[in-house]
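Student: Whole structure, please, built from the sequences with the hints as guidance.
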Amino acid sequence: MELIIAKHGGFCFGVKRAVEAALDAAKAGWVYTLGPIIHNPSVVEALSKQGVQVVNAIDEIAGHGTVVIRSHGVPPQMITQCEALGLHIINATCPYVKRIHERVVQARQSGRHVYIIGEEKHPEVMGIAGWAGEDATVLLNSQEAENIPKTQYGLAVAQTTALRSNFEQTVAVLREKVADLEVFDSICQATARRQAEAREIAQKCDAVLVLGGKNSSNTRKLFEIACQHTSRVFAIESAGEIPLAEFKPDDVVGIIAGASTPEWIIKEVVCRMSVLDMNEQVDEVMQEGAAAAEQEAVAQVDQPAEAAESEESQQDADFMQSVEETLRVLRKGQVLTGKIVQITENEVCVNIGYKSDGFIPKNEFSDDMDVDLRTVVNVGDEIDVCVLKVNDGEGNVLLSKKRVDSRKNWGTVMEMFKNNEYAEGVCKEVVKGGVIANILGIRAFIPASQLSQNYVENMQQFVGQTLQLKIIEVDEGRKRVVASRRAVLAEQAEAKKKEAWEKLAVGETILGTVKRITDFGAFVDVGGIDGLLHVTNMSWGRVNHPSDVVKPGDEIEVLILALDPEKERVSLGRKQLLPKPWEVAEQKYPVGSIVEGTVARIVSFGAFIELEPGLDGLVHISQIARHRIDKVEDVLEVGQKIQAKVLDVNTADKRISLSIRETLPEEEAPRYEDHEDSMEDSLYIPPQEETTFSLADFFPKQDD
Numbered sequence: 001m002e003l004i005i006a007k008h009g010g011f012c013f014g015v016k017r018a019v020e021a022a023l024d025a026a027k028a029g030w031v032y033t034l035g036p037i038i039h040n041p042s043v044v045e046a047l048s049k050q051g052v053q054v055v056n057a058i059d060e061i062a063g064h065g066t067v068v069i070r071s072h073g074v075p076p077q078m079i080t081q082c083e084a085l086g087l088h089i090i091n092a093t094c095p096y097v098k099r100i101h102e103r104v105v106q107a108r109q110s111g112r113h114v115y116i117i118g119e120e121k122h123p124e125v126m127g128i129a130g131w132a133g134e135d136a137t138v139l140l141n142s143q144e145a146e147n148i149p150k151t152q153y154g155l156a157v158a159q160t161t162a163l164r165s166n167f168e169q170t171v172a173v174l175r176e177k178v179a180d181l182e183v184f185d186s187i188c189q190a191t192a193r194r195q196a197e198a199r200e201i202a203q204k205c206d207a208v209l210v211l212g213g214k215n216s217s218n219t220r221k222l223f224e225i226a227c228q229h230t231s232r233v234f235a236i237e238s239a240g241e242i243p244l245a246e247f248k249p250d251d252v253v254g255i256i257a258g259a260s261t262p263e264w265i266i267k268e269v270v271c272r273m274s275v276l277d278m279n280e281q282v283d284e285v286m287q288e289g290a291a292a293a294e295q296e297a298v299a300q301v302d303q304p305a306e307a308a309e310s311e312e313s314q315q316d317a318d319f320m321q322s323v324e325e326t327l328r329v330l331r332k333g334q335v336l337t338g339k340i341v342q343i344t345e346n347e348v349c350v351n352i353g354y355k356s357d358g359f360i361p362k363n364e365f366s367d368d369m370d371v372d373l374r375t376v377v378n379v380g381d382e383i384d385v386c387v388l389k390v391n392d393g394e395g396n397v398l399l400s401k402k403r404v405d406s407r408k409n410w411g412t413v414m415e416m417f418k419n420n421e422y423a424e425g426v427c428k429e430v431v432k433g434g435v436i437a438n439i440l441g442i443r444a445f446i447p448a449s450q451l452s453q454n455y456v457e458n459m460q461q462f463v464g465q466t467l468q469l470k471i472i473e474v475d476e477g478r479k480r481v482v483a484s485r486r487a488v489l490a491e492q493a494e495a496k497k498k499e500a501w502e503k504l505a506v507g508e509t510i511l512g513t514v515k516r517i518t519d520f521g522a523f524v525d526v527g528g529i530d531g532l533l534h535v536t537n538m539s540w541g542r543v544n545h546p547s548d549v550v551k552p553g554d555e556i557e558v559l560i561l562a563l564d565p566e567k568e569r570v571s572l573g574r575k576q577l578l579p580k581p582w583e584v585a586e587q588k589y590p591v592g593s594i595v596e597g598t599v600a601r602i603v604s605f606g607a608f609i610e611l612e613p614g615l616d617g618l619v620h621i622s623q624i625a626r627h628r629i630d631k632v633e634d635v636l637e638v639g640q641k642i643q644a645k646v647l648d649v650n651t652a653d654k655r656i657s658l659s660i661r662e663t664l665p666e667e668e669a670p671r672y673e674d675h676e677d678s679m680e681d682s683l684y685i686p687p688q689e690e691t692t693f694s695l696a697d698f699f700p701k702q703d704d
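Heads up: the sequence shown at position 661 corresponds to 661 in this note's numbering, and the numbers run straight through without jumps.
Simulated from the structure, these hints should not be mistaken for lab results.
Do not rely on the hints blindly, as some may be mistaken.
[Said to hold, decoys possible] Straight line, CA to CA, 20 angstroms or less: simulated DMTMM-like cross-link-like pairs of lysine to aspartate or glutamate: (1) K567 / E494; (2) K402 / E476; (3) K49 / E83; (4) K551 / E568; (5) K402 / E347; (6) K654 / E583; (7) K428 / D405; (8) K214 / E263; (9) K401 / D381; (10) K515 / D548; (11) K498 / D525; (12) K498 / E568; (13) K362 / D384; (14) K408 / E424; (15) K408 / E345; (16) K496 / E583; (17) K339 / E364; (18) K7 / D370; (19) K575 / E610; (20) K496 / D475; (21) K503 / D519; (22) K339 / E263; (23) K428 / D370; (24) K362 / D381.
Tutor: What follows is the structure in structure tokens.
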């Protein structure tokens with residue numbers, strides 16, 4: 001016979017929490033529970049022997065005492081009634097049920113009608129309905145939802161042990177009935193896992209044993225699920241109810257347990273089934289935990305009936321021992337290891353072996369509030385936590401993971417500081433004088449002066465960014481860290497500069513970017529280093545100002561003329577990459593050709609004409625006009641555009657002779673009437689002509 005035992009079986013954390021709270025309170029005197037604290041007669045009987053009594057109504061309590069509210073929760077009116085009678089209340093309502101209470105109260109206050117999907121007479125549903133108000137509607141299934149009237153606003157919640165398929169089907173109908181429906185998925189994840197595992201096991205087995213109280217809702221649903229996949233399903237509360245005759249030697253038998261089933265009953269059932277076929281071996285994990293119970297169960301088979309009472313007492317003792325062993329004393333700041341039993345969107349529930357499970361709120365799990373808890377951890381994972389509060393006011397233990405991480409990471413931060421290593425930190429907020437960054441869960445202060453190599457006016461721009469930092473100061477006693485981004489940028493720039501220097505070589509041509517211009521030249525970025533392109537090295541011709549040749553942002557090719565790493569100086573040249581004008585002057589300006597140029601400067605013997613940058617030709621004063629001139633300035637001025645004829649090109653002496661006169665027609669001569677001192681030159685003297693008369697012919701003689 002093969003046994004398949006469910007991994008997710010036995011007390012859920014809510015039931016376990018309530019049982020342990022009742023046992024702890026019973027040490028001080030009689031304790032009462034409003035209804036059975038658990039739907040399992042064996043456990044209820046064991047608890048009663050420890051002083052935990054079940055009452056069905058508050059008025060059954062005689063005198064003063066302690067009342068434990070079971071994990072199902074109760075309506076608020078019952079709590080008020082207990083307080084009015086002066087009873088001491090221990091509220092062991094499952095934290096997840098409490099959240100349903102809070103949600104329905106909010107809905108009622110905002111005018112939303114509450115729809116509870118579950119069993120109307122179940123204690124948990126009755127408690128939720130009490131918090132939701134008198135007009136709350138309880139729906140068993142989608143068929144009942146079909147009969148409700150349409151409304152505007154509503155909230156749908158579920159009994160924590162509800163079948164997910166039934167919940168989803170009912171919600172689908174409600175969406176057609178309620179215009180604005182909020183849905184709070186309140187099905188316990190532990191319940192969902194049990195149901196999924198029950199379905200999986202039932203599909204593999206010939207027969208299934210479902211352990212749990214007959215009045216347990218979650219056990220009943222496990223039974224229903226198993227029945228969907230096999231016909232041989234047996235619901236039992238203890239090993240004594242196993243129908244041994246129904247099993248065959250070659251059967252594959254599944255064993256699943258509801259949330260109201262203690263571990264010792266599960267062990268007893270496993271051992272009893274093992275006796276049916278001594279050749280079959282129980283799962284190794286269950287064998288280790290069930291060794292003592294197996295011996296007891298085997299003995300029970302051969303025991304006479306008169307020993308039954310002794311065995312029952314031993315079971316009670318085993319149950320009490322298993323509970324007591326889980327109790328531990330907690331203190332604030334204590335670090336311990338627990339096992340994750342539940343994960344929601346905003347918190348993680350951890351079994352820490354205490355009378356209450358612990359909760360890690362999202363803000364104590366990680367500094368990243370966008371983290372999806374359900375993707376970074378799994379149920380069953382072991383986790384190190386720090387105790388923040390032993391009692392958060394609701395009987396829960398408040399835990400922190402990020403503070404444990406911070407303690408662990410402090411050593412890493414110290415090593416980074418000692419080894420001068422970089423650290424990554426997320427900028428969280430702007431504070432006075434700087435910003436706060438998170439380095440491995442540790443707060444680090446970055447002064448404003450250490451954020452950048454330049455002045456930072458708006459520090460808010462860094463919030464949310466991941467920064468590369470260098471830890472520059474650590475106060476281990478006060479757990480303070482000061483970090484710098486500026487130091488990282490400076491070191492990176494220095495490393496980049498060093499790498500750039502290694503790549504530079506005299507005589508190498510390199511592409512650079514003009515950064516800024518001065519009167520004496522331009523600074524050009526060549527691979528992270530600024531080199532100087534002096535004005536004299538910009539062009540072969542005369543440059544009035546560097547801005548006439550280059551502009552900031554221009555990408556230009558330059559030649560490395562000289563390097564001085566110690567003084568961090570680089571001399572660059574541009575004209576050296578351009579052809580020398582005189583080397584091609586004879587080809588570009590052949591004798592006899594007409595060229596255009598600009599008057600560059602005037603001297604007493606003529607004018608120098610710039611044909612191109614670095615190449616001037618001379619027009620002698622005698623070659624300026626076809627008539628005699630006294631001064632060159634009388635005809636030409638600096639900057640004037642002219643045409644001239646090339647008379648001679650002497651590249652060896654770097655001389656070009658030009659003539660303006662040769663370009664002028666022979667009959668024309670320039671007239672410059674604007675100059676008073678040249679009036680004589682502008683007078684026109686007509687040629688002498690022969691005449692046949694004289695002036696005397698125009699005057700009469702006196703004798704006449």
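Student: It remains to establish, for every hint, whether it holds in the given structure.
Tutor: Hints and how they fare:
{"no.": "1", "hint": "K567 / E494", "result": "holds, 14 angstroms"}
{"no.": "2", "hint": "K402 / E476", "result": "holds, 19 angstroms"}
{"no.": "3", "hint": "K49 / E83", "result": "violated, 26 angstroms"}
{"no.": "4", "hint": "K551 / E568", "result": "violated, 24 angstroms"}
{"no.": "5", "hint": "K402 / E347", "result": "holds, 13 angstroms"}
{"no.": "6", "hint": "K654 / E583", "result": "holds, 9 angstroms"}
{"no.": "7", "hint": "K428 / D405", "result": "holds, 18 angstroms"}
{"no.": "8", "hint": "K214 / E263", "result": "holds, 17 angstroms"}
{"no.": "9", "hint": "K401 / D381", "result": "holds, 13 angstroms"}
{"no.": "10", "hint": "K515 / D548", "result": "holds, 15 angstroms"}
{"no.": "11", "hint": "K498 / D525", "result": "holds, 14 angstroms"}
{"no.": "12", "hint": "K498 / E568", "result": "holds, 10 angstroms"}
{"no.": "13", "hint": "K362 / D384", "result": "holds, 15 angstroms"}
{"no.": "14", "hint": "K408 / E424", "result": "holds, 16 angstroms"}
{"no.": "15", "hint": "K408 / E345", "result": "violated, 26 angstroms"}
{"no.": "16", "hint": "K496 / E583", "result": "violated, 41 angstroms"}
{"no.": "17", "hint": "K339 / E364", "result": "holds, 17 angstroms"}
{"no.": "18", "hint": "K7 / D370", "result": "violated, 31 angstroms"}
{"no.": "19", "hint": "K575 / E610", "result": "holds, 17 angstroms"}
{"no.": "20", "hint": "K496 / D475", "result": "violated, 32 angstroms"}
{"no.": "21", "hint": "K503 / D519", "result": "violated, 29 angstroms"}
{"no.": "22", "hint": "K339 / E263", "result": "holds, 17 angstroms"}
{"no.": "23", "hint": "K428 / D370", "result": "holds, 13 angstroms"}
{"no.": "24", "hint": "K362 / D381", "result": "holds, 17 angstroms"}
Violated hints, listed in ascending order, are 3, 4, 15, 16, 18, 20, 21; each of the other numbered hints is respected by the structure.
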